[in-house]
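First to last, the protein sequences are chains A and B.
Mapping of the first sequence onto our numbering: position 140 corresponds to residue 140, and the numbering continues sequentially without gaps.
So the mapping is simple: our numbering equals the position in the second sequence, first residue as 1, plus 1000.
Hints were generated in silico from the structure; no laboratory data involved.
In this text, all values refer to a predicted model and were calculated from it rather than measured experimentally.
Incorrect hints may have been included.
Below, a sample of chain A positions facing chain B; criterion: calculated Cβ distance under 10 Å [as the list claims (entries may be wrong)]:
| hint | residue |
| --- | --- |
| 1 | Glu29 |
| 2 | Val30 |
| 3 | Leu31 |
| 4 | Val37 |
| 5 | Met39 |
| 6 | Val48 |
| 7 | Ala50 |
| 8 | Cys51 |
| 9 | Ser52 |
| 10 | Glu54 |
| 11 | Glu55 |
| 12 | Ala56 |
| 13 | Thr58 |
| 14 | Leu59 |
| 15 | Ala64 |
Have a look at the derived ranges for each label pair, beta carbon to beta carbon [unchecked claim]:
| hint | chain 1 | residue 1 | chain 2 | residue 2 | range |
| --- | --- | --- | --- | --- | --- |
| 16 | B | Ala1136 | A | Arg129 | 28 to 36 Å |
| 17 | A | Asp136 | B | Asp1116 | 28 to 36 Å |
| 18 | B | Ile1021 | A | Arg133 | 27 to 35 Å |
If you only want the chain B side, here are some residues facing chain A, beta carbon under 10 Å, derived [claimed, not checked]:
| hint | residue |
| --- | --- |
| 19 | His1024 |
| 20 | Val1027 |
| 21 | Glu1054 |
C-beta atoms are modelled at their ideal positions from N, C-alpha and C, and glycine is treated no differently.
Chain residues, written in single-letter form:
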Amino acid sequence: MGASLKTNGCEISEMSEAVPPLVMVVDDEVLIRLVAVDMLRDAGFRVVEACSAEEAITLLATDAPYDLIFTDVNMPGSVDGIGLVAYVKQRYPVVPVVVTSGGIAINELSEAGADAIIPKPYSEIALTRTIGRVLDKRGG
Amino acid sequence: MGEGPRPPAEEALLLVDGEVIARHILVEYLQHCGYSVIAATSTEEAQTVLKASEFTVSAVLCALPAVGSQGGFALARWVRDNHPTVEIALAGTLDAAAEAAAEFCDHGPRLSRPCDPTAVVERVHLMRERRRQNLAKG
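Model the full structure from these sequences, guided by the hints.
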């Protein structure tokens, strides 16, 4: 274990041996977002959440090393999930994007550059396997 | 982990903040401290989470001004009325507090923003202790 910070009863590790992949979950429906976050955390991923494409773009600008974006398609705001896919592919081409939606226009998503599509509702196995497969492909 | 009081595993802190970076930093810090944290981006999301049976929330930390059709003070009153065992702390500026205090005078801000993460953890410890004492009283 590496060095650590300790403050007010809270100890924070500065270094760890194996860092799990960092996944951003983007969904405007809070309960669906929280369930996805729980599924991914349970599977061992580090997870950051955003409630809109605008928030996702703000987080991406912090230069945190995101390994994958998992986003819903239909979201309010000036950018929807398809717009987010296009933005990520243009600005961060090495970051894979997995898309979920209840009514998916596969052609549109493929043209935008989505790396995988998961129909809603999705199971924990479908979510974690798809994300694992996309990350494996990226790593290989 | 440190020696401070640890929360029961099944109970979570609900953090309400409309500013994505501020919310993200506090979530990360509290998780590093061993807390289970649920992030909500608005007062409406906070109420949805509190109503949902899937999640057990022990305390709410809400930024002021809160995003949503209600303000943070209204959320505090709603929590007190509907979830009386759930502790709530508000974080905001004195100016914002003074504006809203006329209507909801008994839930002033407890934490200043930008939040000092260590102050947040201290506040959370106090809130959890108060909740334990209240639950013990029945």
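Cross-check of the supplied hints:
At about 9 Å, the closest approach between the beta carbon of glutamate 29/A and any beta carbon in chain B falls short of 10 Å, and the interface hint on this residue holds. For valine 30/A, the interface hint holds, since its Cβ comes within 10 Å of a Cβ in chain B; the closest pair sits about 4 Å apart. Residue-level restraint check for leucine 31/A holds (minimum Cβ-Cβ distance to chain B is 6 Å; threshold 10 Å). Satisfaction of the interface hint for valine 37/A is found here, the shortest Cβ-Cβ separation to chain B being roughly 8 Å, below the 10 Å cut-off.
Checking methionine 39/A against chain B: minimum C-beta separation of about 12 Å lies over 10 Å; hint violated. A hinted interface residue such as valine 48/A counts as satisfied when its beta carbon comes closer than 10 Å to some beta carbon of chain B; here the least separation is about 6 Å, so the hint holds. Hint status for alanine 50/A relative to chain B: holds, with the closest Cβ pair at about 6 Å, below 10 Å. Below 10 Å, beta-carbon pairs count as interface contacts, and cysteine 51/A has one with chain B at about 4 Å; its hint therefore holds.
For serine 52/A, the interface hint holds, the least distance from its beta-carbon to any beta-carbon of chain B being 8 Å, beneath 10 Å. Nearest Cβ of chain B to the Cβ of glutamate 54/A: about 8 Å, under the 10 Å cut. The hint holds. Checking glutamate 55/A against chain B: minimum C-beta separation of about 4 Å stays under 10 Å; hint holds. Annotation: interface hint on alanine 56/A holds; nearest CB of chain B at approximately 9 Å, less than 10 Å.
The beta carbon of threonine 58/A is positioned within 10 Å of a beta carbon in chain B (closest approach about 5 Å), and the interface hint is therefore held. The closest approach between the C-beta of leucine 59/A and any C-beta of chain B is roughly 6 Å, which is under the 10 Å cut-off, so the hint is satisfied. For alanine 64/A, the interface hint holds, since its Cβ comes within 10 Å of a Cβ in chain B; the closest pair sits about 9 Å apart. A beta carbon spacing of about 45 Å between alanine 1136/B and arginine 129/A contradicts the range 28 to 36 Å that was offered as a hint.
Checked against the given bound of 28 to 36 Å, the beta carbons of aspartate 136/A and aspartate 1116/B, roughly 41 Å apart, lie outside it. Look at isoleucine 1021/B against arginine 133/A: about 31 Å separates their beta carbons, and that is inside 27 to 35 Å. At a threshold of 10 Å, the smallest CB-CB gap from histidine 1024/B to chain A is about 6 Å, leaving the interface hint in force. With a cut of 10 Å, the hint placing valine 1027/B at the interface with chain A holds, because the nearest CB-to-CB distance is about 8 Å.
Taking 10 Å as the C-beta contact cut-off toward chain A, the hint placing glutamate 1054/B at the interface holds, the least distance being around 7 Å.
Figure legend: structure checked against the earlier numbered hints; hints not met, in rising order: 5, 16, 17.
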